[in-house]
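**Student:** Residue strings, one per chain:
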Amino acid sequence: MNKTIKQLSALLSAGKASSVELCQDYLAHIQTQNATLNAFISVDNDKTLAEARAADALRTSGQAGLLTGVPIAHKDIFCAEGWLTTCGSKILSNFVSPYDAHVIEQFKAAGMPCLGKTNMDEFAMGSSNETSFYGPVRNPWDTTRVPGGSSGGSAACVAARMAPAATGTDTGGSIRQPAALCGITGLKPTYGIVSRYGMIAFASSLDQGGPMAQTAEDCGLLLNVMAGFDTRDSTCLERPKEDYTRSLNQPLAGLKIGLPREFFGPGLVGDTAKAVEEAISQLIKLGAETVEVGLPNSGLSVAAYYVLAPAEASSNLSRFDGVRYGYRTPEYGDLTDMYEKTRAEGFGSEVKRRIMIGAYVLSHGYYDAYYIQAQKLRRLIANDFTTAFQQCDVILSPTAPSTAFKLGEKTADPVEMYLSDIYTIAVNLAGLPGMSLPCGFDAQGLPIGMQLIGNYFDEARMLGVAHQYQLATDWHARAPQGI
Amino acid sequence: MQWETVIGLEVHTQLTTQSKIFSGASIAFGAEPNTQACQVDIALPGVLPVLNKGAVERGIRFGLAIGAKLNRINSFDRKNYFYPDLPKGYQISQFALPIVEGGELTVQVGSGSDLYEKTIHITRAHLEEDAGKSLHEDFHGSTGIDLNRAGTPLLEIVSEPDMRSAKEAVAYAKALHTLVTWIGTCDGNMQEGSFRVDANVSVRPVGQKEFGTRREIKNLNSFRFLEQAINYEIRWQIEQIEDGHKIQQATVLFDPDTGETRAMRSKEDAHDYRYFPDPDLLPVQLDEDWIEQVRASLPELPQQKQARYQSEWNLSAYDAATLTGSRELADYFEAVVAGLAKPDAKLAANWVMGDLSATLNKENLDVAASRISAAQLAGLLARIQDGTLSGKLAKQVFEAMWAGEGNADAIIESKGLKQVSDSGEIERIIDEVMAANAKSVEEFRSGKEKAFNALVGQVMKASKGKANPQQVNDLLRQKLNA
Amino acid sequence: MSLSPQDVERIAKLARIRVNGDEVMAYQSQLNNIFGLIEAMQAVDTAGIAPMSHAQDLFQRLRPDVVTEPNRRDAFQAVAPQTENGLYLVPKVIE
Ligand SMILES: [Mg+2]
Ligand SMILES: [Zn+2]
Chain X
1 MNKTIKQLSA LLSAGKASSV ELCQDYLAHI QTQNATLNAF ISVDNDKTLA EARAADALRT
61 SGQAGLLTGV PIAHKDIFCA EGWLTTCGSK ILSNFVSPYD AHVIEQFKAA GMPCLGKTNM
121 DEFAMGSSNE TSFYGPVRNP WDTTRVPGGS SGGSAACVAA RMAPAATGTD TGGSIRQPAA
181 LCGITGLKPT YGIVSRYGMI AFASSLDQGG PMAQTAEDCG LLLNVMAGFD TRDSTCLERP
241 KEDYTRSLNQ PLAGLKIGLP REFFGPGLVG DTAKAVEEAI SQLIKLGAET VEVGLPNSGL
301 SVAAYYVLAP AEASSNLSRF DGVRYGYRTP EYGDLTDMYE KTRAEGFGSE VKRRIMIGAY
361 VLSHGYYDAY YIQAQKLRRL IANDFTTAFQ QCDVILSPTA PSTAFKLGEK TADPVEMYLS
421 DIYTIAVNLA GLPGMSLPCG FDAQGLPIGM QLIGNYFDEA RMLGVAHQYQ LATDWHARAP
481 QGI
Chain S
1 MQWETVIGLE VHTQLTTQSK IFSGASIAFG AEPNTQACQV DIALPGVLPV LNKGAVERGI
61 RFGLAIGAKL NRINSFDRKN YFYPDLPKGY QISQFALPIV EGGELTVQVG SGSDLYEKTI
121 HITRAHLEED AGKSLHEDFH GSTGIDLNRA GTPLLEIVSE PDMRSAKEAV AYAKALHTLV
181 TWIGTCDGNM QEGSFRVDAN VSVRPVGQKE FGTRREIKNL NSFRFLEQAI NYEIRWQIEQ
241 IEDGHKIQQA TVLFDPDTGE TRAMRSKEDA HDYRYFPDPD LLPVQLDEDW IEQVRASLPE
301 LPQQKQARYQ SEWNLSAYDA ATLTGSRELA DYFEAVVAGL AKPDAKLAAN WVMGDLSATL
361 NKENLDVAAS RISAAQLAGL LARIQDGTLS GKLAKQVFEA MWAGEGNADA IIESKGLKQV
421 SDSGEIERII DEVMAANAKS VEEFRSGKEK AFNALVGQVM KASKGKANPQ QVNDLLRQKL
481 NA
Chain C
1 MSLSPQDVER IAKLARIRVN GDEVMAYQSQ LNNIFGLIEA MQAVDTAGIA PMSHAQDLFQ
61 RLRPDVVTEP NRRDAFQAVA PQTENGLYLV PKVIE
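Chains as they are written, first to last, in our numbering: chain X, 1 to 483; chain S, 1 to 482; chain C, 1 to 95.
Any given hint might turn out to be false.
Below, computed lysine-lysine pairings styled on BS3-like, alpha-carbon distance capped at 25 angstroms [what the hints assert, rightly or not]:
1) 341/X - 133/S
2) 79/S - 13/C
3) 6/X - 90/X
4) 439/S - 92/C
5) 418/S - 466/S
6) 13/C - 341/X
7) 285/X - 92/C
8) 13/C - 90/X
9) 92/C - 218/S
10) 79/S - 92/C
11) 167/S - 341/X
What follows is a set of in silico ranges between Cβ atoms, one per label pair, in the way DEER data are often shown [as the list claims (entries may be wrong)]:
12) 289/X - 18/S: 23 to 31 angstroms
13) 94/C - 248/S: 13 to 21 angstroms
14) 59/C - 213/S: 54 to 62 angstroms
15) 403/S - 66/C: 18 to 26 angstroms
Note that these hints are calculated values from the structure, not bench results. Ideal Cβ positions, reconstructed from N, Cα and C, are used throughout, including at glycine.
So that you can see chain X by itself, here it is in the shape it has in the complex (with noise of 0.2 angstroms):
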């Protein structure tokens, strides 16, 4: 249960195992698991299994690739046909989507089998998976804690070996952040490698799915099925075809690693700080020299993020309006009666709160002073990395400014809690790729998680800083007690 999707992979490959064996380990562990940890929104065992036996058929004809039969939780945001998808809300609680997401596609063209679909926050409004409709996720090092989020239900599947792999989605830090929190690895692509067609928006301009499982070697391994051009979503890249893992094996020797300064300052302390250090002489150890570098505008990605993040909201969840597909209220006079009771109580506190922002900045007399001038933020804090990326090749920093925090701590306060994505969101705004990976423990035994930060399109480089350091430490393969 503890392996990677490499190994898996070899065990199918030898025969060793089929892919209905493992589902039904996966099963089994989700069946015991799930019901304290609540990373599963729909587990749907026939599903699963009918899609292992089709995998196991593939490979019995010759027809195998390299992942298939390895099977994989995707986050609830990803349209899957005949699966409910919810986006971890009401208002889509009976939404059973008659058509397939672009990722949803690729994994099964891949001839990976579906888990099922995780937990998330609400429309991926959140840093903690509490504002789920279906209740929060817990974290597996400590079930009294957040997993982080939104993509925390992803994270959580993994951290706890429910699922070898899932896929997260990262607006502003939902892969990177509950990856930090759970202590897996996962990484959020250039914006535009990985369609957005059938991943339900959040904020179109950020939004990217990305995948999470224990090793950058994994991820590489994803990114290869996840990644790839479709007409579909016209913001999606026709690029030519990549291996993300092509640079794992490449020695660290001569590798240039940017330091934020505004990412080591007084904001930073204690054991997060000191696993980062860590690391870094742990990379330096491995050949690699760090350089300070500068992002003077990334004090304000927060401020920035609140403002376009929730104006692409509020648009985005105008459809959700009772009337085509979803929950609509059961009691209703008028039109705007329906519209207002069905859009109250479908959407969560957070979500309304989000919208509210969104409808707010982009409205008249108000568009310019907050709309227009984050955007210009936007271009600031983008340019800031392009001059940071001239002075180096990766750039380096915390995921998160603490492991993982006790529900409810931080429900009461919506601004403490957005700034736990202070250090991720810059990475979104300007669309740049970005990873999380375990470092370290906390005096109370949560994970700690370093970013990596590549240039456009250098995921393949990051992903071989990660494994090299994978290689030479063990923080990622420690799995909780008791799974």
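Given chain X, work out where chains S and C with the ligands should sit, using these hints.
**Tutor:** Chains S and C with the ligands in isolation, oriented as in the chain X frame:
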């Protein structure tokens, strides 16, 4: 007080693409409800728009046809509002950077001695998606929503407030209708909603510089309604002001049954559309090669043809405008002229605008459906030119041709309609007529010019209408004066 | 800047979200806290900076004008709250 009317039009033209502007669903008219509404059109969670090249191409074509500036970089925004026929809760439209800016259209207003030319300036034309349809017939007190039309590509053409009367507005709308069907960007079918007019109407005292408060009449789908609605609105606004009321900006609907306008309930709350750039769509770049390709594919335009008809063929402005009322009509007319060995545009124009148009009108047919081809009509006119047919005989041949009896020559032959131009034969008839009408001959010779016409009539009658009228005139006068 | 209860009611109306009296006050205070965070933006001089709407400075790809989508009405309306004769039903709309 003397009032002046100010009118600007916003015209939604449905583009002649096969598929929708942001999805691969068909836009064919008349399908069963919601059978041409794909996942993108019904806005399922997770779907995304992909822009149709055919829609952009038609935008370019229109911009070139009105001599406008084409924005080499244009972009799409979201116009946010809730309505059940708007599945996403926003309409994708070009707000900040439309594909077309500027341009103009010169139109003829009125007719006869009241005819004048007027140039209407076009502010902009932008691409956008249409909404679906709400069906209000009774579904147990509910409204039914059909999203087949949702996502249909539109080019909204916005004019400056240059028009000063309903007549001018109608003339402009008709000219625009001619142009968009001419260049093939729109099929112009007003019953099916392919060409819908919104009229912004306000009034102000003559001499006042500032515009009055305007009311927008929505969705007028015939030129007659456009004229009626504007005229009603003008009277209503003047009455309101003269009664001491202020005009409130409003969106109104025209009711063809009562001939009146009324404010729309659904537009009562002031809208705040919260426009912002659509994050799902990148800016559109028009490259020069493409623009030149489209330019090369443009037909000669109505205004160019009008100028040519006047300068090359000496037609009047009115005739030139009439003959370019549609591309089919102009093509037909030019084919008739081209079919004549001795080109005579005036003769061709008279017949196309006269007998042919009258017959088409009577039978409610388009020129494309004419039962007489341009070549056939040219064949008839050639017989007029060479004196074989008089005007009167030509009309008979025309009718026979319309009835499907064959070409002009065959009809002349079989009906024996050939004009008699043999002067001996004509003289013989004249002699007979003069002998039989001694009284008229006497009257003429005593100075009564009128009697001449009576004698001509008798000669024509005696020849069964076949005598060459010019020869009859000449020979009769000779004999009477002898 | 700070939002008034009327601002909250106005944007809730725009967003078609019903809010009752207590909620207005709660939203007002939460939104004002969030705007406290956002206000920091105003200190930056962004004169001459082009707004950034997309993560990439690229132009739109265009789709060929071809009909590709079949009729899937039954599948789509299987998840609809209320339909009749192939139409989606909503409370009566008055134009
Ligand atoms: Mg308009
Ligand atoms: Zn429009």
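**Student:** A separate judgement is required for each hint: does it hold in the structure or not?
**Tutor:** Status of each hint after checking the structure:
{"no.": "1", "hint": "341/X - 133/S", "in the structure": "holds, 24 angstroms"}
{"no.": "2", "hint": "79/S - 13/C", "in the structure": "holds, 16 angstroms"}
{"no.": "3", "hint": "6/X - 90/X", "in the structure": "violated, 37 angstroms"}
{"no.": "4", "hint": "439/S - 92/C", "in the structure": "violated, 84 angstroms"}
{"no.": "5", "hint": "418/S - 466/S", "in the structure": "holds, 6 angstroms"}
{"no.": "6", "hint": "13/C - 341/X", "in the structure": "holds, 11 angstroms"}
{"no.": "7", "hint": "285/X - 92/C", "in the structure": "violated, 72 angstroms"}
{"no.": "8", "hint": "13/C - 90/X", "in the structure": "holds, 21 angstroms"}
{"no.": "9", "hint": "92/C - 218/S", "in the structure": "holds, 20 angstroms"}
{"no.": "10", "hint": "79/S - 92/C", "in the structure": "holds, 23 angstroms"}
{"no.": "11", "hint": "167/S - 341/X", "in the structure": "violated, 48 angstroms"}
{"no.": "12", "hint": "289/X - 18/S: 23 to 31 angstroms", "in the structure": "violated, 58 angstroms"}
{"no.": "13", "hint": "94/C - 248/S: 13 to 21 angstroms", "in the structure": "holds, 19 angstroms"}
{"no.": "14", "hint": "59/C - 213/S: 54 to 62 angstroms", "in the structure": "violated, 41 angstroms"}
{"no.": "15", "hint": "403/S - 66/C: 18 to 26 angstroms", "in the structure": "violated, 45 angstroms"}
Hints 3, 4, 7, 11, 12, 14, 15 from the list above are not met by this structure, while the remaining hints are.
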